[in-house]
Every structure is written in C-alpha cells, then in structure tokens.
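Construct the complete structure from the given sequences, taking the supplied hints into account.
Sequence lines, in order, name chains A and B.
Position 117 of the first sequence, counting from 1, maps to 116 under numbering that gives the first Met the number 0, and the rest follow consecutively.
Position 106 of the second sequence, counting from 1, maps to 105 under numbering that gives the first Met the number 0, and the rest follow consecutively.
Simulated from the structure, these hints should not be mistaken for laboratory data.
Quick reminder that beta carbons are idealized off the backbone N, C-alpha and C, glycines included.
Where hints are given, some of them may not hold.
As the list claims (entries may be wrong) - Coverage of chain B stretches by chain A, computed from C-beta distances (three or more under 8 Å per stretch; other residues unrestricted): (1) 52-65; (2) 70-79.
As the list claims (entries may be wrong) - With the C-beta cut set under 8 Å, the calculated list includes, among others, these residues of chain A facing chain B: (3) CYS308; (4) HIS328; (5) PRO336; (6) VAL337; (7) SER338; (8) LEU342; (9) GLN368.
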Amino acid sequence: MATAAIQTSSHVLELAHPLPLDGGQSLDGVRISYETYGQLNADKSNAVLICHALTGDQHVASPHPITGKPGWWIRMVGPGLPIDTDRFFVICANVLGSCMGSTGPASMAADGQPYGMRFPVITIRDMVRGHVALLDALGIATLHAVVGGSMGGMQALSLAANWPQRARAVLVIASTARHSAQNIAFHEVGRQAIMADPKWQGGDYYGAGKGPEAGLAVARMAAHITYLSEEGMHEKFGRRLQNRTAKTFGFDADFQIESYLRHQGLSFTDRFDANSYLYITRAMDYFDLAEEHGGRLADAFAGSDARFCLVSFDTDWLYPTSESRTIAHALNAAGAPVSFVELSAPFGHDSFLLDVPALDRVIAGFLGQ
Amino acid sequence: MSALRPDLAVIAANVAPRSRVLDVGCGDGALMAALRDTRAVDARGLELDPLNVAECVARGLSVIQGDADTDLGYYTDGGFDYAILSQTLQTTKRPDLVLDELLRVGRKAFVSFPNFAHWRVRASLLWHGRMPVTRLLPVAWYETPNIHHVTVRDFRELVAAKGLTVEGAWFLSGDKRISDAAANWRAEHAVFLLSR
Numbered sequence: 000m001a002t003a004a005i006q007t008s009s010h011v012l013e014l015a016h017p018l019p020l021d022g023g024q025s026l027d028g029v030r031i032s033y034e035t036y037g038q039l040n041a042d043k044s045n046a047v048l049i050c051h052a053l054t055g056d057q058h059v060a061s062p063h064p065i066t067g068k069p070g071w072w073i074r075m076v077g078p079g080l081p082i083d084t085d086r087f088f089v090i091c092a093n094v095l096g097s098c099m100g101s102t103g104p105a106s107m108a109a110d111g112q113p114y115g116m117r118f119p120v121i122t123i124r125d126m127v128r129g130h131v132a133l134l135d136a137l138g139i140a141t142l143h144a145v146v147g148g149s150m151g152g153m154q155a156l157s158l159a160a161n162w163p164q165r166a167r168a169v170l171v172i173a174s175t176a177r178h179s180a181q182n183i184a185f186h187e188v189g190r191q192a193i194m195a196d197p198k199w200q201g202g203d204y205y206g207a208g209k210g211p212e213a214g215l216a217v218a219r220m221a222a223h224i225t226y227l228s229e230e231g232m233h234e235k236f237g238r239r240l241q242n243r244t245a246k247t248f249g250f251d252a253d254f255q256i257e258s259y260l261r262h263q264g265l266s267f268t269d270r271f272d273a274n275s276y277l278y279i280t281r282a283m284d285y286f287d288l289a290e291e292h293g294g295r296l297a298d299a300f301a302g303s304d305a306r307f308c309l310v311s312f313d314t315d316w317l318y319p320t321s322e323s324r325t326i327a328h329a330l331n332a333a334g335a336p337v338s339f340v341e342l343s344a345p346f347g348h349d350s351f352l353l354d355v356p357a358l359d360r361v362i363a364g365f366l367g368q
Numbered sequence: 000m001s002a003l004r005p006d007l008a009v010i011a012a013n014v015a016p017r018s019r020v021l022d023v024g025c026g027d028g029a030l031m032a033a034l035r036d037t038r039a040v041d042a043r044g045l046e047l048d049p050l051n052v053a054e055c056v057a058r059g060l061s062v063i064q065g066d067a068d069t070d071l072g073y074y075t076d077g078g079f080d081y082a083i084l085s086q087t088l089q090t091t092k093r094p095d096l097v098l099d100e101l102l103r104v105g106r107k108a109f110v111s112f113p114n115f116a117h118w119r120v121r122a123s124l125l126w127h128g129r130m131p132v133t134r135l136l137p138v139a140w141y142e143t144p145n146i147h148h149v150t151v152r153d154f155r156e157l158v159a160a161k162g163l164t165v166e167g168a169w170f171l172s173g174d175k176r177i178s179d180a181a182a183n184w185r186a187e188h189a190v191f192l193l194s195r
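So this is what it looks like as structure tokens:
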C-alpha cells in the first residue's frame with residue numbers, strides 16, 4: 000500500500016458563459032467544484048478524469064468534508080495505486096445537479112432564492128458538458144483516460160461518444176448504455192418516496208428547517224438494496240436479529256438488515272440534498288446513448304479513436320453483464336479497440352468500490368499503456 | 000519475453016507484419032503480445048476465462064470475454080486479415096461451424112490442434128485400452144475440455160469437404176518441426192493456414 004501523502008487540492012470553477020442544456024434551456028453562472036490529485040505534466044497529457052456515481056462526489060481520495068469519511072475510491076487512487084497519482088493528474092468534479100459545491104437545485108438562482116424545482120431537468124450529457132468546460136478551463140485538450148463506475152461510466156461513455164477527441168482511453172465499470180425499465184422503476188420508487196414526504200413542499204424546503212429526510216432515507220434504502228447482491232446480503236445479515244434474542248412482535252428493526260438499511264438511509268440525509276437526488280436520478284433515467292445517435296449504439300462511437308475497457312461483475316443485477324457486453328459488441332462493430340471482462344465478486348453492483356483484486360489489475364494495466 | 004509455445008511460434012512467424020488479427024481463445028495473450036511487439040500487428044482477442052482476459056488487459060491487449068461457439072457472430076465479415084484458433088478447435092461444441100465463422104471474419108485462418116492419431120495416443124489405446132493422458136492431452140477423459148478429438152487426417156478431410164484451401168501446414172513433435180511425411184502418425188501437434 001502507498002505510504003506517501005496524497006497531494007490534493009480543492010477548486011471551484013465559475014463558468015464565464017451560460018451552459019447549454021439538452022432540455023433546451025441554458026444555465027448561467029454555473030459553478031463546478033472539483034478536486035485534483037498529483038501534478039499535471041508540461042504537455043498536459045497525463046490527466047485522468049474520474050466521474051463519480053449518483054450519490055458520489057469529487058472527494059475520490061480525500062476525506063469527505065461533512066462526514067469526515069475517507070474518499071470513496073482510496074483503494075484505487077493514490078501514489079503507487081492502480082490510478083497512480085505519482086504518474087497521473089487525477090481530476091474529479093462534482094456533477095452538475097449535485098450538492099457538493101457544483102451548481103444544483105440547492106444553489107441560488109438569479110433572484111437570490113434556491114432553484115428548488117425551478118432547476119432545469121438535466122441529462123448525463125449535460126453533466127459531461129460541465130466536465131468538458133472544466134477541461135477547457137484547465138487547458139487539457141485530451142485526457143489520458145476517462146474513468147467511471149455506474150453513473151460515472153455513463154458519463155465516460157457520453158464523453159467518448161459526444162467529444163471523441165477528448166479522451167485517449169475510456170474505462171467503464173459496472174455501467175450501462177441505457178437505463179432499463181427496471182432501473183427507471185427503482186428510481187421512481189425513490190422519487191415518489193421523497194415527493195410523498197410532506198416536508199418536501201414541492202421542493203421548496205430550503206431554509207425551512209428539516210427537508211424531506213424521511214422520504215430521502217426511504218429512497219436511499221430502496222436504492223441500496225439494488226447495490227448489493229442477494230447472496231452478499233444473505234451472507235452479511237442472514238435472518239439475524241439486531242441486538243436482541245427474540246422477535247419483538249412489533250415494527251422496530253428486529254432484523255440486522257432492517258437496522259442496516261435504516262442506518263444507510265438516515266446517514267445519507269446528512270450529506271445529500273433530496274432535490275439533487277430527484278434531478279440526478281432523472282438524468283440517469285433519460286440516459287440512452289443509442290437513442291442519442293439514431294438508435295444504433297455502434298454509431299455513437301463511429302468518430303472515436305479511443306481505446307475502451309468495460310468491466311462488469313457477475314453478481315451485479317442493477318447493471319448486469321449483458322449491458323456491458325452490448326456496449327463491447329457495439330464498439331467492436333465500430334472497429335474500436337475494446338476489452339471487456341466480467342469479474343467474479345460477491346458484492347453486487349457495489350463491487351466496483353470494494354476489494355476486488357482482479358479489478359485493480361485490469362485498471363492498472365489498462366491505464367498503464 | 001518468455002518463449003512462445005511451439006505452435007504459437009509457428010503462427011507468429013507466418014503472420015504478415017502490420018496485419019489485423021483476431022485470436023480466438025487467446026488465453027493469457029502471449030501470442031497477441033508477441034505479434035504486437037515483433038510484427039506491429041493490430042491484434043484483438045476473444046477469451047472465455049475472465050482471469051485470462053484480466054491478464055490480457057493488464058498487458059495492454061484488447062480482448063473481449065466471450066465464447067468461440069456463440070460470440071464470433073458479433074464480428075463483421077472480413078474484418079480481419081487472420082483469425083487464429085490455437086488449441087481451441089477440439090474444445091468447441093461445433094468445430095465445423097467455428098471453422099466457417101473463422102473464415103467469415105478472417106480472410107485467412109490459422110488453426111492448431113493436438114493430433115489424436117499420434118503414435119503415443121494410438122499405443123495408449125491399443126495396449127492399455129484407455130483414453131490417453133499425454134503431454135499435450137494431460138487431462139483425464141471425464142474432465143478434459145477437449146470434447147471433439149481430431150486427427151490430422153480428419154481435419155484434412157473436413158477442410159476438403161468444405162472446399163477450403165490449405166495454404167500451409169506445419170507439424171510438431173515435441174518442440175521441433177517435423178516433415179509432412181506420415182504426419183498423422185508422427186505429429187503431436189498440427190498447425191494449418193486456411194483460406195476460402
């Protein structure tokens with residue numbers, strides 16, 4: 000493991016020009032909060048953009064400012080690690096629509112009031128437009144690589160398809176080229192939980208004390224189930240009871256799994272804005288890369304000279320292997336150099352964040368070229 | 000670079016420089032890496048075992064996890080100068096269909112396989128009456144991945160029946176090349192270069 004301290008710095012970029020959006024509107028005064036790790040070399044050729052997932056943020060390898068927890072990918076990003084900050088200049092930006100410093104529904108609109116539901120509905124491609132504006136500001140014409148897991152993988156694919164000259168290598172982990180009906184269904188459960196909370200108040204809860212924390216917690220609980228495998232959940236919790244020897248014949252959290260999910264839901268509300276959750280899940284549901292390119296996925300990558308690598312996990316039922324395989328075949332049909340591997344790991348969709356040594360080797364090998 | 004397996008060395012020595020190659024059942028990517036490094040070949044791979052694919056990606060190779068029996072259909076006609084199938088033909092469900100697919104996606108195809116008519120195999124069957132376990136066929140009958148054993152003569156007949164052209168044939172005994180004479184007895188291993 001790396002022992003050297005990681006060089007981190009936090010930045011905020013304020014865009015000088017309005018950001019055009021897929022929905023037809025544009026956003027003024029967009030702010031993009033981002034972290035960088037390592038040093039940009041003289042010819043600016045060693046930059047790696049990491050795109051975060053739905054509830055992730057820019058603190059990929061530095062402590063979270065609210066929870067104080069270590070960065071979400073410290074096992075992957077750092078000196079001597081697979082995404083080696085001694086070699087690469089790593090950038091991770093909070094996505095548009097989120098709530099960790101980049102412009103989102105909790106940000107102030109021109110009238111000095113939070114946007115709330117006046118914030119325009121955004122897409123994955125809009126998020127990537129923000130990333131491209133950041134690369135422009137940093138003077139980075141072409142990334143060594145763009146890397147993302149889950150929603151981060153959608154951003155990596157969108158960058159490769161829409162800005163094909165901006166990345167020489169594209170690494171997509173546990174992701175998909177389009178949201179399935181089942182994906183949309185789970186997100187809709189989460190959104191309805193938030194909007195059914197009386198404290199949501201049509202999204203106008205800012206400054207009114209507590210927001211729709213109960214609804215957001217339920218949304219997180221439902222989503223969290225989709226991030227784990229049935230087998231992994233059974234192994235971790237089984238039917239074991241939580242701090243008690245018998246069932247209580249009540250509706251307290253008798254089972255460990257209930258207690259765990261309640262904790263996941265509640266702790267999530269400390270760090271995430273409910274409206275951001277609505278907007279970002281919507282962006283994911285709208286994502287369909289083939290639809291953006293005339294219905295044929297291979298055409299999305301027609302202009303790309305990049306190398307691609309796709310990784311799926313055998314226990315991921317949220318974005319199963321078949322989704323990654325579809326992308327691999329489309330890239331193959333487009334003549335792109337592409338690798339695809341399904342790795343075996345017990346942790347379901349969350350495997351990309353956890354200890355899977357084969358993933359480390361794939362990432363190090365793919366980025367090392 | 001470690002030495003290539005003898006049949007792979009034969010293939011590597013006979014692939015035209017700067018060509019496009021699909022290695023079906025590419026294993027850990029040893030042949031692809033050699034072709035890339037010594038002949039500037041644009042090599043792609045298809046491999047069933049995920050750990051092998053991970054190893055290939057770690058070597059900077061472009062390899063897709065998939066099955067020779069089912070996944071060649073995703074490749075376009077004539078997309079490659081060569082399709083290579085080394086030590087894999089005898090493990091496929093339908094070797095004849097795989098051969099058709101190889102010569103659809105590749106203009107030419109290298110196919111290598113262990114020769115089941117080698118005299119040691121014959122002797123094992125004749126004297127002991129048992130399925131042979133030899134250096135090239137090291138796994139017992141019940142767990143071998145080799146489900147379609149083939150001899151040099153069988154292969155030549157299949158190639159002739161399909162009207163394919165044999166552009167080259169190489170035979171190996173141990174690690175050494177041997178002449179074509181009585182290859183069906185003497186060769187442990189055969190490498191064919193085919194075209195339509």
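ask   = What hint numbers does the structure not satisfy?
value = Violated: none.
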